[in-house]
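Undergrad: Note that the protein sequences, when read in sequence, are chains R and D.
Numbered per this note's numbering, the first sequence finishes at 265, counting up by one with no gaps.
Numbered per this note's numbering, the second sequence finishes at 265, counting up by one with no gaps.
Since the hints were made in silico from the structure, they are not lab data.
A portion of the hints provided could be inaccurate.
The list treats identical chains as one, so a pair stands whether inside a single copy or across any two.
No farther apart than 27 Å at their CA atoms in a straight line, the calculated lysine-lysine pairs in the BS3-like style are these [to be verified]:
{"#": "1", "residue 1": "161", "residue 2": "123"}
{"#": "2", "residue 1": "38", "residue 2": "8"}
{"#": "3", "residue 1": "8", "residue 2": "44"}
{"#": "4", "residue 1": "225", "residue 2": "195"}
Chain by chain, the residues:
Number of protein chains: 2
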Amino acid sequence: MNFTKKNFTLDHIRQELVRLEDSIIFALIERSQFQKNDIIYKCGGINIKEFDGSFLEYFLHELECAHAKVRRYTSPDETPFTTNLPDSVLPPIQFPKLLVPNNVNINDQLMKIYINEIVPKITDEGDDGNHGSAATKDCHVLQLLSRRIHFGKFVAEAKFNDPLLQPKYIELIRNKDKCGINDLLTNLAVEEKLLRRLRRKAAIFGAEIDGDGIPTLKEEDNKIPLDVVCDMYEKYVIPLTKVVEVEYLLERLKYYPSFVPEF
Amino acid sequence: MNFTKKNFTLDHIRQELVRLEDSIIFALIERSQFQKNDIIYKCGGINIKEFDGSFLEYFLHELECAHAKVRRYTSPDETPFTTNLPDSVLPPIQFPKLLVPNNVNINDQLMKIYINEIVPKITDEGDDGNHGSAATKDCHVLQLLSRRIHFGKFVAEAKFNDPLLQPKYIELIRNKDKCGINDLLTNLAVEEKLLRRLRRKAAIFGAEIDGDGIPTLKEEDNKIPLDVVCDMYEKYVIPLTKVVEVEYLLERLKYYPSFVPEF
Chain R
3 MNFTKKNFTL
13 DHIRQELVRL
23 EDSIIFALIE
33 RSQFQKNDII
43 YKCGGINIKE
53 FDGSFLEYFL
63 HELECAHAKV
73 RRYTSPDETP
83 FTTNLPDSVL
93 PPIQFPKLLV
103 PNNVNINDQL
113 MKIYINEIVP
123 KITDEGDDGN
133 HGSAATKDCH
143 VLQLLSRRIH
153 FGKFVAEAKF
163 NDPLLQPKYI
173 ELIRNKDKCG
183 INDLLTNLAV
193 EEKLLRRLRR
203 KAAIFGAEID
213 GDGIPTLKEE
223 DNKIPLDVVC
233 DMYEKYVIPL
243 TKVVEVEYLL
253 ERLKYYPSFV
263 PEF
Chain D
3 MNFTKKNFTL
13 DHIRQELVRL
23 EDSIIFALIE
33 RSQFQKNDII
43 YKCGGINIKE
53 FDGSFLEYFL
63 HELECAHAKV
73 RRYTSPDETP
83 FTTNLPDSVL
93 PPIQFPKLLV
103 PNNVNINDQL
113 MKIYINEIVP
123 KITDEGDDGN
133 HGSAATKDCH
143 VLQLLSRRIH
153 FGKFVAEAKF
163 NDPLLQPKYI
173 ELIRNKDKCG
183 INDLLTNLAV
193 EEKLLRRLRR
203 KAAIFGAEID
213 GDGIPTLKEE
223 DNKIPLDVVC
233 DMYEKYVIPL
243 TKVVEVEYLL
253 ERLKYYPSFV
263 PEF
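Let's have the full structure, built from the sequences with the hints guiding it.
TA: Below, the structure written as structure tokens:
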């Protein structure tokens, strides 16, 4: 996470989010090469010694333990899915204080949507036995989507610091007017441009390429259906990011005017 | 790993390797967004409680522990970099016996080449502080390259089972003629086609895409230099795969004629 006083702007945050789109599309394509493998999502579907949950939950927790040991979740742009994570083996580092203290974490909601709405659209039905590979790719998509969605905290903080809009935000937050905050946060032109861009990116990165390295240019050959990525953003990623933004702003006022982002 | 009697053919193995190229290119692009962050590769570069090695080694071992618990390294197409891995928490599964028992593992060699030859070519010099992110992407590239290279065992087994060539292989193996085996394994036409294809894939998947979703089509904008992927394959991936093939074949004869691949 690299913000400085100079680049903690909406423009820079948006650049980060645009780059993250590529990573998310790559990760979805990687997951899509395996079948749905439903059993990995079912509690007790695969019998795991002394663990009560799904295979994906077990594996994600083990991965998050490895990441926690190297300090991943002390970074303000990382949000774990599981709890009871070990301490870091590294000395703590001081991140710039860009956000107010908050516990906004909607990963549970994201997990449900991912399993029920996204996996079925990018995979073929069936079980190809590649449970470990599928779960590995799932964890990767989930970590990226979580980062994308919780980046809403930075978006919200940057928008709140706009001197022209701050009085309006303060009023809406005081009234706990979630819809009003949501409307004020929304920039339809940005969203429409994003959706157009995503469809094109999905076509380019997901292109089926023949043995000579030439894209087949047939939409039905694309590694993931072309509409999946923009539908996923439109229906889930953008709305969930705004849930994070609104939740964050509701906590923001407690620290007003004492908190200003520090670098 | 999905081989059946019907698809354990050179053609099918090559299809797997062609798909793996996409994953490797995606992973290299993902690593390239962070600076070199040299400190993560140096023994003791980052101080880790009770661990004597580099940050990457520490993190890779922790990740491999998580993967070992879900049985990754019992699969014949997966080869760990680190040792002292925990047992799996899952019941063992019976993989088809496609390979003779062997301990061919050249991951140490791969690791050195990756750090010294590949990372410098895909990253910018410098330290951007994203040590955890860079190491995460490194592990991903390493796991994919390791899988690619050790797939040489399947390639070698399939080639050895060609009834026209088997007598020749047996003679060369008896004479421990590594160069002769290497020559017999080599198919220059396939290699040249592969290198051409890789350059094109690197151009497509690494394309810089503007805010509207249109590729800039400028080579210098590509997320990784266009020659890096084919150079890496030509200088390291193909030769290391052949090292694996030759090493595997040297162990193969002990089990001849008793072993035939079983599905």
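Undergrad: Does each hint hold? Answer for all of them.
TA: Hints versus structure:
In this homomeric assembly, residue 161 and residue 123 never come within 27 Å of each other (Cα to Cα): the closest approach is 34 Å inside a single copy and 38 Å across copies. In this assembly of identical chains, the alpha carbons of residue 38 and residue 8 lie at most 27 Å apart only when taken from different copies (23 Å versus 44 Å within one copy). Taking the shortest Cα distances, residue 8 and residue 44 never come within 27 Å of each other, neither inside one copy (47 Å) nor across copies (32 Å). Taking the shortest alpha-carbon separations for residue 225 and residue 195, both the intra-copy value of 23 Å and the inter-copy value of 22 Å come in at or below 27 Å.
Checked against the numbered hints listed earlier, the structure breaks hints 1, 3; every other hint is satisfied.
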